[in-house]
Amino acid sequence: MTAIAPEAVNLRTTPASAQRIWRVVRLNLVNKGTTIWVPAMIMGFIWLVNYLIWWIIWAATPVAERPHAMDGTQWSGGGSYIFVYMLVVGIQVISMTFPFALGYSVTRRDFWLGSALTFVMLSAGYSIGFTVLSFIEQWTNGWGLGGHLFTSVYFGDGGFWERLFIVFVAMTFFFFIGATSGTLFMRWRVNGLLIAGALLALVIVGAVALITFTQSWPAIGDWFTRMGPTGVVAWLLLPTAIAALAGYFVLRRSTPKS
Amino acid sequence: MSTTLTPTSIAPTVQVEGLTKRFGSFTAIDDVTFSVKPNKIYGLLGRNGAGKTTIMQLLTGQDFATDGDIRVFGEGPVENARVLQNICFIKESQRYPDDFQAKHVFRSAPWFFENWDAEFAERLIRDFRLPLNRRIKKLSRGQLSAVGVIVGLASRAPLTFFDEPYLGLDAVARQIFYDRLLEDYAEHPRTVILSTHLIDEVSNLLEHVIVIDQGRILMDEDAEAMRGAATTVVGQRRAVDAFVDGHEVLHREGIGGLASVTVAALSPSQRAEAAAAGLELSPVSLQQLIVRKTNVAATEFEQSA
Amino acid sequence: MIEEGKPIFVQIAEQIENDIIDGVYPTETQVPSTNEFAAFYRINPATAGKGVNLLVDDGILYKKRGIGMFVADGARERLITKRRDAFRDEYLRPLLAEAAKLGIDPQQLTEMISTEGVSA
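Chains as they are written, first to last, in numbering that gives the first Met the number 0: chain A, 0 to 257; chain B, 0 to 304; chain C, 0 to 119.
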């Protein structure tokens with residue numbers, strides 16, 4: 000039996016950057032339950048509840064008024080669940096998957112890039128599903144009852160790609176807001192969030208003040224109508240990119256507290 | 000830029016110089032210098048709160064040094080994939096994603112540890128009786144520790160850290176861990192750094208010992224050298240005192256006319272001298288030695304403060 | 000098995016020596032590997048290796064490349080000689096010191112030894 004050779008150290012070749020990033024994507028998706036089945040089930044449940052409510056309203060409305068009974072539902076916020084879920088997933092990736100990934104000797108850079116890629120992939124998947132459902136909703140005239148869940152005014156009534164774009168950008172936006180908030184909390188705890196929130200509030204109040212003093216509200220209104228939902232949502236890409244960048248820099252010097 | 004680290008043959012795996020870590024006004028690690036040679040089992044010993052976990056966090060790039068220099072495989076470990084690729088850090092407080100089951104851990108670990116041995120992992124899962132389909136949240140303390148231990152062993156990473164991950168394991172499971180570790184280390188040599196305050200249990204496994212106390216290195220020695228490093232002299236008080244005069248005294252206790260004094264190692268002639276004087280010599284275990292030296296350091300610290 | 004106080008590698012070496020003297024490992028037979036000793040005594044393989052190397056240095060064992068450690072020619076005889084030399088210091092001198100303490104003179108001591116030797 001050979002004695003242990005003290006000098007022989009078998010060091011491994013480092014996989015390429017792309018490979019390392021892809022490992023993080025796989026890690027984020029390894030538990031399909033939380034990333035796919037649970038949101039799908041909950042969305043299905045929300046749809047069911049909405050459907051029952053519509054049916055009750057429809058049944059209780061006199062036949063003559065039925066065509067307009069569901070008009071109010073176009074303001075339905077039921078579809079917003081999926082966006083809130085994106086926010087939560089973003090936060091959890093930092094609070095739970097990040098400490099775990101550190102245990103797997105993943106660098107923060109690889110983790111952030113891998114998770115960002117995961118977000119984009121999940122957004123793409125969910126938004127395709129969402130858009131398809133919105134078309135089904137349209138073709139069945141609101142599931143036969145005139146209800147709106149996936150076709151609320153917020154999503155516009157454009158073609159396939161427009162709707163897809165709106166939902167995709169919105170989802171990605173919430174993912175990154177969630178993840179970046181998670182990094183702020185991890186590094187600077189509650190104070191971090193409070194200060195970030197306060198700064199954000201200042202910026203918004205400052206903007207509102209500026210608009211009011213220059214009496215630009217009508218101009219703002221015009222701009223909204225001209226841009227349409229698609230245009231407005233496209234602007235979300237800017238804060239998304241800022242959040243993505245900021246999150247990385249906050250994460251770079253963070254350590255999960257034990 | 001090469002993607003493989005190529006160490007020179009006797010270069011240390013870890014080289015730390017003047018390492019300091021402060022948390023606000025609290026200095027957790029104070030000007031620490033040591034090195035770790037490849038393919039040995041090191042013990043990082045010390046009391047709770049001495050700084051063992053902090054040092055490991057710094058060596059693995061999970062936390063950031065306030066001052067000093069760290070080289071692992073010749074490079075700084077922070078955000079360095081080339082270095083981190085070869086490290087596996089198993090800690091007691093490892094957090095797992097919500098809703099993760101044990102099987103998700105063992106499914107994903109191989110992606111990150113190239114040397115992963117699935118058969119070995121399966122054997123360990125059986126040895127520790129780990130239920131794979133149960134959620135991590137629902138595992139008992141011992142089973143949770145077992146998950147970490149299995150990952151640490153099956154990863155076969157060239158540099159593996161175990162930060163008291165076996166605290167949740169019962170005595171039987173701990174023995175399984177020590178046995179599997181020794182077995183696998185003999186077949187697949189790698190550098191292992193074990194931190195614990197259960198010194199007696201692991202003392203025979205260790206080749207080299209580093210003792211930390213209050214953020215400073217107290218001892219950094221070969222384990223075998225430490226085993227012969229002290230002796231306890233027992234006998235009539237006057238005879239004992241006469242004998243130990245001039246020796247470094249580590250500990251003194253007694254009752255009635257009987258005294259028991261621990262001193263640094265005695266040469267064979269000194270041992271014969273003690274026997275001739277009717278004194279009894281008894282051995283000092285690694286744990287006893289470390290406890291004595293830690294207390295001595297504490298007393299000196301108090302006196303100088 | 001492993002006792003405190005004496006370096007472990009010394010204890011390993013002594014255990015192998017005892018087995019050689021007892022005839023467990025005749026000349027030219029193989030002794031267990033370092034890893035087997037390490038696993039049995041639950042000690043670090045490097046420590047076990049140190050003990051084995053002690054015996055290699057003393058010419059008691061020799062290494063066959065790729066196979067393992069074997070008992071050298073004349074090892075048993077050499078060990079017995081060594082132990083005999085140590086016998087005086089380790090056993091005889093303390094015996095005489097204790098006997099003197101208890102007032103047993105050499106004559107009485109010899110008688111005791113003869114009696115003991117017969118019944119042993």
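The set of hints was computed from the structure by calculation and includes no laboratory data. A few of these clues could be false.
Unchecked claim - Capping the alpha-carbon separation at 25 Å, the derived lysine-lysine pairs in PhoX-like fashion look like this:
1) 100/C / 36/B
2) 256/A / 137/B
3) 31/A / 137/B
4) 36/B / 31/A
5) 256/A / 36/B
As the structure is a computational prediction, the values presented were derived from the model and not from experiment.
To see whether the hints hold, each was checked on the structure:
The suggested pairing of residue 100/C with residue 36/B is violated, with an alpha-carbon distance near 52 Å, which exceeds 25 Å. Under the criterion of a C-alpha separation no larger than 25 Å, the hint pairing residue 256/A with residue 137/B is consistent with the structure, at around 22 Å. This hinted pair checks out: residue 31/A and residue 137/B have alpha carbons roughly 19 Å apart, not beyond 25 Å. Between residue 36/B and residue 31/A the CA atoms are separated by roughly 42 Å; this puts the pair beyond 25 Å, and the hint is violated.
Taking the CA atoms of residue 256/A and residue 36/B, the gap is near 30 Å; set against the 25 Å cutoff, the hint is violated.
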